[in-house]
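Protein chains: 2
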Amino acid sequence: MPETLPSTPFQPPRRPWRTRLFGRPLATADAPHQTIGKGLGLAVFASDALSSTAYATQEILLVLAAAGTAAFSYAFPIAGAIVVLLLIVTISYEQTIHAYPDGGGAYIVARDNLGQIAAQVAGAALLSDYILTVSVSVSSGAAQLASAFPALYEYRVPLAVSLVAFVTFVNLRGVKESGTIFAVPTYCFLAMMVVTLGVGFWRYAIGQLGQVVDPPPLETPRELASLSLFLILHAFSNGTTALTGVEAISNGITAFKEPRSHNAGVTLAWMSAILATLFLGITFLAGHTGAIPSEGETVISQLARTTFEGRGLAYLGVMATTTLILVMAANTAFSGFPRLSAIQAADGFLPRQLTYRGSRLVFSRGIVVLAIASALLIVAFQASVTRLIPLYAIGVFLSFTLSQAGMTLRWRRMGRSLERPPKGWRWKMALNGLGAVLTALVTMVFAVTKFQEGAWVVLLVLPAFVFAFLAIRAHYRVTAEQLSLQHYGAPPQSGRHRVILPISNVHRGTLEALRYARALSHDVTAVHVSLDPAEAERLRAKWDLWGDGVRLVVLDSPYRLLLEPLLDYITSIADERQPNETLTIVVPQFVPRRSWQNVLHAQTALFLRMALLFRRGIVVTNVPYQLTEP
Amino acid sequence: MPETLPSTPFQPPRRPWRTRLFGRPLATADAPHQTIGKGLGLAVFASDALSSTAYATQEILLVLAAAGTAAFSYAFPIAGAIVVLLLIVTISYEQTIHAYPDGGGAYIVARDNLGQIAAQVAGAALLSDYILTVSVSVSSGAAQLASAFPALYEYRVPLAVSLVAFVTFVNLRGVKESGTIFAVPTYCFLAMMVVTLGVGFWRYAIGQLGQVVDPPPLETPRELASLSLFLILHAFSNGTTALTGVEAISNGITAFKEPRSHNAGVTLAWMSAILATLFLGITFLAGHTGAIPSEGETVISQLARTTFEGRGLAYLGVMATTTLILVMAANTAFSGFPRLSAIQAADGFLPRQLTYRGSRLVFSRGIVVLAIASALLIVAFQASVTRLIPLYAIGVFLSFTLSQAGMTLRWRRMGRSLERPPKGWRWKMALNGLGAVLTALVTMVFAVTKFQEGAWVVLLVLPAFVFAFLAIRAHYRVTAEQLSLQHYGAPPQSGRHRVILPISNVHRGTLEALRYARALSHDVTAVHVSLDPAEAERLRAKWDLWGDGVRLVVLDSPYRLLLEPLLDYITSIADERQPNETLTIVVPQFVPRRSWQNVLHAQTALFLRMALLFRRGIVVTNVPYQLTEP
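Protein chains in written order, with my numbering: chain A, 3 to 632; chain B, 3 to 632.
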């Protein structure tokens, strides 16, 4: 007769400091189901993509600098090529959004159409790129602050780590994605950028756009490289970081109001158009003001102070909103990473604990893992965007490729097998196919041009991740098989129950344990390991008095070992037992009032448990004996 | 009917890598009972005392340097005063040796005559000084090596730590104190010093003793201090480090051949005489060669290369034997510290585990504690003898004082109470009394003159140690009282035995645990914490099939907590139970084949055990279910 005890009334559990820090626990039923429109949707999902304009131009220039400042004129054509790529990726994703109205991240599309291995590759690529998104965005945010206030340059690493800590904290409290608060930074950033570009182009038109005053020194290599195809492709690779974040909307379709695919699609189109405009505009003006890529001052900062002729209020506004949107971009990863890792964990490729929602309904463990990993990267790379960039975006483009390839196969399958194939499936297949081929090419260009600078790390890490995912999956599968009740038949009958009671002395704790042991079975043997014959003799006398007739075995230990003779004895008893005979070791255990006092007692119970854990059919029971100090 | 199972034949346990590293385990019966004569005794016990001549002179000069090189002429008179002090301490200890033929360290003498608090103060003083002996001796050894080979100066910290590691390793293998091998370094050092001083004095006599060539630069403060009484007392304090180690023989009387008190006494007299000669000789020659105290080159090194006119074979011999005897001095502490801490642990003032002898019959835990503590000091003080010296010797002189004071009281008690008082007890009392007063004065001079430089640390650490010893003692006493079987009466009868079986799912592991639970009692309740009603329904259906009619309770957990609802339920059951009712929680526990796989499973069993450890009368049993991977 199963009974359910609902813990009525639903009192949230008492955990004062946690509540003060993270807010009161939320019941499962509290999960929000609010949806958002296009305007808010743009604000929520665009921060990752738009924020990359804060560093993409600079990273193009940095590569071109190897061939001297004259090569900077190639930046704009390269940006143009990247925008063409953006156009194709956007159209491809429009199709995905309509095909997967419940959310079509690369992982899900790959799993549905390309099989588990491809899905795991996509998962590994996305998870590692979420980590890099946090590291790169926050490092760039710290660089923007340091550009506005050069005194901060020295503290950029602790600054960046503090920003990560802040975003982590906000996410552990649980952020309502639908909050209007999210719209503010995005639209402020957009407004400031529109003003900057507007003023800049107007000045350019009337011939009053000046050159950057007092630019940071250009760090060129001693010998100038010639402007090779490799260099241009390398610059192109760096610039495509502008495309990171474009996939965000396809993951979050369910957040949109109905008709959600339509709304999400329109939002994606708007986002790409804005991204293209900002990126081209910034690159154009950076070229015509002679901005210099530098670790000390960002290109955005140079552009803004040239456009506004000084570090006035408008300049500070640009820097503040740029920093803010970069932090918001990191925040996007903080919702993407835990969600994806929960999906992968539910599929059995990551530790199952990642699927548990914490007291604030967020996947807290995933959040903590992301925070630690990205903070470690920031420290290791000293919060330098330029040093992080070679690792970045390979994962994004790999997942683009897998997603588009999956869509291509999907169209083919649907076109061939369905009775009424979707209209124009051949064209759609061709489009997704083109997207897949182009992004695959870009991925390979990345791997080649950035290999030496650090991309090799990613090429090692991704297969390692996939391998780990598969190993975890194999373990869960074997576990499930071994625990399965299929072919289990009737459980065997309980047979004899034998109890062994190791004792070091005869005292109240021992007698408590003896009483417990006798309640379990009539077949109890007390065992004492003797280091000192005289002491064993005293113990034997005491046992005669208090042992209630229970058999006592004394094991001599000439090498003064406590655990080993006991284990030998238990093993010999275990080896002799009949089928279905259960063996329980009852160990008296002191529990001192304060935990430091544990170091004053030999932790025999603990060691015994650890040593016997792997032996079949032996149960170790500790009978705690609590000390109550006055 | 108690039976003894001797593990015949006495096979040493199998532990291959340990045996290879530390040697085969030794049976308790193998403990050596060899005794040694005076010649070997001097070699074994004198290294600590004699080695301090390697740095005592230098540390006197270092203080005097504050008043300019002219003040160096005070070094010899100060050394003379220290030798007078040595004479009195030696005579006092001669009396102790005859009074305590079984070993009369300060701890034992204080415990017998002054009570437990004084004994604990002596224990704290001695233990901390053993640690400092290792740090100072090894640092000085490293400094001697760096004097001979200046390239090593940069590596003196890792060098010193490696020397500590080496001595630790040798001691963990177990050193036969009686080994002739110990005599070699001591007598080599003596021989080399006799030659050095002989040649030095001969050259001085014939007027050919030169000045130190190319001495290290003297680091004097910008403003010269005037030669105050404080300065002289400070120099005196530093110099009395020469007396550390004099007490070693009184601890080790049992190692001597019979008549052991006589033999030990003669050895002590010889040791003191040699120590006085070396110390005065070195100080005299250092003064007349113009040796300069320096971190870069030791005074011994300057003296040796001046005496032997260059860094030839004789010079290298002096440096090698000096380094060797300093390492031997550290080795002395490695036998003293573990032995004293075992005595204190047996008295209940330190964790009892320190009384266990390891597989090589040594107190391995004490050895490891000493090694870690002294290595930390070396790293913290960058292996600088000068920076360590202010902490040193206070403990030694405090223990001298307590030991002499104890002896004084002992003479008085024996003189007054015994029917036949020992001959001349008044004289002996007066002598020990004089020793006590003088060493007490020296201790106070230490505390005052070295206070600012670091002695304050010792004045904080010693009371903290004593406090910790007393807290440990109090805990053991309360434990013993509560475990005592006095007034315990007959154990209560076993009553009802209730079993709670938390389950997360129904699988083979669960059924194994269910079978075990039913073997314990007929009153079994299975409990499931439900995060998801649909899943709970599935579990309930499965339980109907497999649960063998056992009651199932489903606890709703709206806040997605696993442990808290379970603990609440267990607590409510525990609160309702009758007297003598036992409550056992049987927890099914996965045991994966490889330990990394544990991170893939929620460790409910572990957390439950930790949470229930402090509740009276609740026993937690894990029924392990081992997975066997193919």
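No lab work stands behind these hints: they were computed from the structure. Built from N, CA and C at the ideal position, the CB exists for glycine as well. One or more of the hints may lead you astray.
Unchecked claim - With beta-carbon atoms standing in for the labels, derived distance ranges:
hint, chain 1, residue 1, chain 2, residue 2, range
1, B, Y157, A, M612, 38 to 44 Å
2, A, L608, B, L436, 30 to 36 Å
3, A, V381, B, P581, 54 to 60 Å
4, A, R553, B, S523, 53 to 59 Å
Right, here's what the structure says about each hint:
no.	hint	result
1	B:Y157 - A:M612: 38 to 44 Å	40 Å, holds
2	A:L608 - B:L436: 30 to 36 Å	54 Å, violated
3	A:V381 - B:P581: 54 to 60 Å	59 Å, holds
4	A:R553 - B:S523: 53 to 59 Å	24 Å, violated
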